[in-house]
Amino acid sequence: MAEMTGPDADWGSARELDDVSHRVAIVGVGEADHTRASGRSADAIALQAVERALQDCGLEPADVDGLMTSGGLDDQLTAEQFHAHFGTRHDLWISGEGGGMAWAATAPYRAAQALAGGDANVVINTFAVAWASQRDAMRGGPGEFHAREPFKAQLELPFGWFPQPVYFATIARRHMHEYGTSPHHLGAIAVACRRHANSHPGAVMRNKPLTLDEYLARPMLVDPLRVEDCCLISDGGAAYVMTCPERARDLRKPPVWVSGIGEGRSEAGTYWSQQRNFTSTPQVFSAPAAFRMAGIEPEDVDVLTLYDPFTIVALMQIEDMGFCPKGEGGSFVVGDHLHFDGGGLPFNTHGGLLSHAYVLGISHVVEVVRQLRGEAACQVAGARVGVYGGYTGHLASTLVLEGDA
Amino acid sequence: MSASPLPDPTLEITRPFFEGAARRELRIPRCRACGVLVWYPRPRCPACDADALAWNTLSGRGTVFSFAVVRRALWKPFADRVPYATGLVALEEDRDVRLVTTFVHCSPEELAIDQPVRAVFEPLRFGDGPEVVVPLFAPLA
Chain A
224 MAEMTGPDAD WGSARELDDV SHRVAIVGVG EADHTRASGR SADAIALQAV ERALQDCGLE
284 PADVDGLMTS GGLDDQLTAE QFHAHFGTRH DLWISGEGGG MAWAATAPYR AAQALAGGDA
344 NVVINTFAVA WASQRDAMRG GPGEFHAREP FKAQLELPFG WFPQPVYFAT IARRHMHEYG
404 TSPHHLGAIA VACRRHANSH PGAVMRNKPL TLDEYLARPM LVDPLRVEDC CLISDGGAAY
464 VMTCPERARD LRKPPVWVSG IGEGRSEAGT YWSQQRNFTS TPQVFSAPAA FRMAGIEPED
524 VDVLTLYDPF TIVALMQIED MGFCPKGEGG SFVVGDHLHF DGGGLPFNTH GGLLSHAYVL
584 GISHVVEVVR QLRGEAACQV AGARVGVYGG YTGHLASTLV LEGDA
Chain B
37 MSASPLPDPT LEITRPFFEG AARRELRIPR CRACGVLVWY PRPRCPACDA DALAWNTLSG
97 RGTVFSFAVV RRALWKPFAD RVPYATGLVA LEEDRDVRLV TTFVHCSPEE LAIDQPVRAV
157 FEPLRFGDGP EVVVPLFAPL A
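These protein sequence lines map, in sequence, to chains A and B. My numbering puts the first sequence at residues 224 to 628. My numbering puts the second sequence at residues 37 to 177.
The hints are simulated quantities; they were obtained by calculation from the structure and are not laboratory data. If you're wondering where the values come from, they're calculated on a predicted model, not measured in any experiment. In this text, a Cβ means the ideal position worked out from N, Cα and C, and glycines have one as well. Certain hints may be false.
Unchecked claim - Here are some chain B residues the structure puts well away from chain A; computed CB gaps all over 10 Å:
#, residue
1, Pro-41
2, Pro-43
3, Asp-44
4, Cys-70
5, Ala-86
6, Asp-87
7, Gly-96
8, Ser-102
9, Arg-117
10, Glu-128
11, Arg-134
12, Pro-144
13, Asp-150
14, Arg-154
15, Gly-163
16, Asp-164
What the hints assert, rightly or not - Reference listing, derived: stretches of chain B covered by chain A, where coverage requires no fewer than 3 residues with Cβ under 8 Å from a Cβ of chain A:
#, segment
17, 45 to 59
18, 105 to 112
Whenever a hint applies, use it, and build me the whole structure from the sequences.
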């Protein structure tokens with residue numbers, strides 16, 4: 224068995240955050256068309272998502288005075304593109320601490336500061352990728368960032384330990400060794416996501432069913448992972464609109480309240496090879512902080528979406544967030560426990576990165592909002608509390624949302 | 037993304053590692069103040085903050101910490117090597133120090149976590165490019 228681990232383990236830490244519970248609401252959500260290679264650019268995709276998010280809440284482009292995107296990617300929506308598209312010219316507060324991945328959960332924290340400080344009144348967070356189209360041109364995509372990193376270039380890539388499926392197959396095998404996790408367990412996650420995508424009109428895999436037997440019969444890609452354990456590569460994106468409590472109550476849809484936010488980090492950075500606790504994610508640090516801010520326990524969560532680049536990443540986060548004891552994720556996820564109607568913990572009810580679209584977590588937040596409004600395709604009956612868990616290498620983040628009482 | 041993932045043995049941050057490999061030695065930095073092995077290389081010891089790191093020659097023995105078997109070509113430079121096993125070795129001197137490696141001289145099916153392995157020093161080459169000697173790991177027996 225592995226050495227004991229827990230929130231006090233010294234391999235990472237939680238970021239100290241002020242209490243922003245119920246200081247900001249998500250009032251509008253929109254998704255672009257999610258597709259395989261489409262020839263669209265990331266900014267055109269983002270603008271489609273922004274238009275739909277504004278339609279959702281009944282606000283005009285001129286009402287938006289804050290724009291958050293992913294500062295780490297160079298092709299995200301700019302203020303100039305926003306104005307050129309909508310024919311506006313007002314001042315926009317801009318933040319690069321938004322977008323997808325871990326930041327899809329923490330953008331509301333920065334937005335709450337901007338709202339409180341008078342920097343903005345209506346903030347839109349958007350993220351889009353055209354990685355399916357770019358893959359054909361061999362640029363962009365999830366691997367490029369890592370290949371440029373000097374220690375990886377010197378000490379990892381020469382040995383064929385690259386790209387991400389190789390990292391996470393190595394982590395999965397160790398998790399299997401330490402805890403008895405099996406392909407049946409990973410398959411249960413893939414099957415739950417696929418079933419949800421099959422009912423979601425916007426999911427890339429909406430017409431491709433997958434049973435556990437079919438999963439188990441599929442060949443290994445990077446043993447012990449199959450293609451079905453790995454996320455899609457997509458063109459797509461989404462956006463969500465945030466504002467202060469007073470304004471939130473006057474809009475088209477009922478507000479969804481931000482009640483808790485957390486962020487945790489691994490001291491090993493993005494060197495997965497060197498992470499002290501190899502089979503854990505920094506959700507160990509992030510989730511308890513977010514749940515504390517929200518005043519909830521894991522058992523209060525009605526619907527959960529997790530950043531799921533690989534099935535094993537979802538499994539580890541389920542454990543690390545406290546939904547089951549560490550190492551028991553495998554037996555927790557079997558059968559229909561993760562299905563929206565399974566009576567357990569409804570998980571990635573839109574299909575996730577595995578089967579909905581690889582838009583890096585921004586649609587996970589959209590899905591939680593829809594669940595808490597009662598308008599999801601795979602609606603969880605009576606969902607009141609929803610959580611998104613983000614994971615980006617060295618960072619994990621947690622966003623707790625509550626429906627309007 | 038570069039066409040060849042051959043390491044640059046002259047790059048300062050890892051130069052002693054590749055100089056050692058050329059002499060069939062596995063070299064890792066050790067803190068002269070507190071004695072811990074420091075990996076990946078960095079200017080100061082993460083345990084005691086001393087800036088007194090020296091590259092030590094180790095036994096080259098360790099155990100398989102974990103591995104992946106790449107069965108389908110994911111990445112062009114390694115497309116002609118599939119299936120191959122790549123992963124992490126926990127070093128004998130400190131099991132918390134993990135080296136990324138390729139496992140050689142055995143089929144992937146023979147490999148298991150915790151299995152003893154030893155460094156072998158072999159030239160790495162992609163296509164018609166130059167060679168760099170690197171430590172790979174093979175079953176001990």
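Each hint, compared with the structure:
Distance check on Pro-41 (chain B): its Cβ comes as close as 4 Å (rounded) to a Cβ of chain A, failing to clear the 10 Å threshold; non-interface status is violated. Here Pro-43 (chain B) does not stay apart from chain A, with its beta-carbon only about 5 Å from theirs, under the 10 Å limit. Against chain A, the non-interface label of Asp-44 (chain B) is violated: not every CB pair exceeds 10 Å, the least being about 7 Å. No Cβ of chain A comes within 10 Å of the Cβ of Cys-70 (chain B); the nearest lies about 16 Å off, and the non-interface call holds.
Residue placement check: Ala-86 (chain B) keeps its beta carbon more than 10 Å from all beta carbons of chain A (closest about 18 Å). Under the 10 Å C-beta cut-off, the non-interface status given to Asp-87 (chain B) relative to chain A holds; the minimum distance is some 19 Å. For Gly-96 (chain B), the requirement that its beta carbon stay farther than 10 Å from each beta carbon of chain A is met, with the minimum near 16 Å. Remark: the non-interface label on Ser-102 (chain B) conflicts with the geometry, its nearest Cβ contact in chain A lying 4 Å away (cut-off 10 Å).
Separation of Arg-117 (chain B) from chain A is inadequate, the least Cβ-Cβ distance of about 7 Å not exceeding the 10 Å criterion. With 10 Å as the threshold on Cβ separation, the claim that Glu-128 (chain B) sits away from chain A holds: the shortest Cβ distance comes to roughly 18 Å. With a cut of 10 Å on Cβ distances, Arg-134 (chain B) falls inside the contact zone with chain A, its closest approach being about 6 Å. Not every Cβ of chain A is farther than 10 Å from the Cβ of Pro-144 (chain B); the closest lies at roughly 7 Å, contradicting the non-interface assignment.
Annotated as non-interface, Asp-150 (chain B) brings its C-beta within 10 Å of a C-beta of chain A; the closest such distance is 8 Å. With 10 Å as the threshold on Cβ separation, the claim that Arg-154 (chain B) sits away from chain A holds: the shortest Cβ distance comes to roughly 16 Å. The Cβ of Gly-163 (chain B) lies farther than 10 Å from every Cβ of chain A, with a closest approach of about 14 Å, so its non-interface assignment holds. The beta carbon of Asp-164 (chain B) is kept farther than 10 Å from every beta carbon of chain A, the shortest such distance being approximately 17 Å.
With 4 residues having a beta carbon nearer than 8 Å to a beta carbon of chain A, the segment 45 to 59 of chain B meets the requirement of three or more and the stated coverage holds. Only residues whose C-beta sits within less than 8 Å of a C-beta in chain A count toward coverage, and the segment 105 to 112 of chain B has 6 of them, enough to reach three; the restraint holds.
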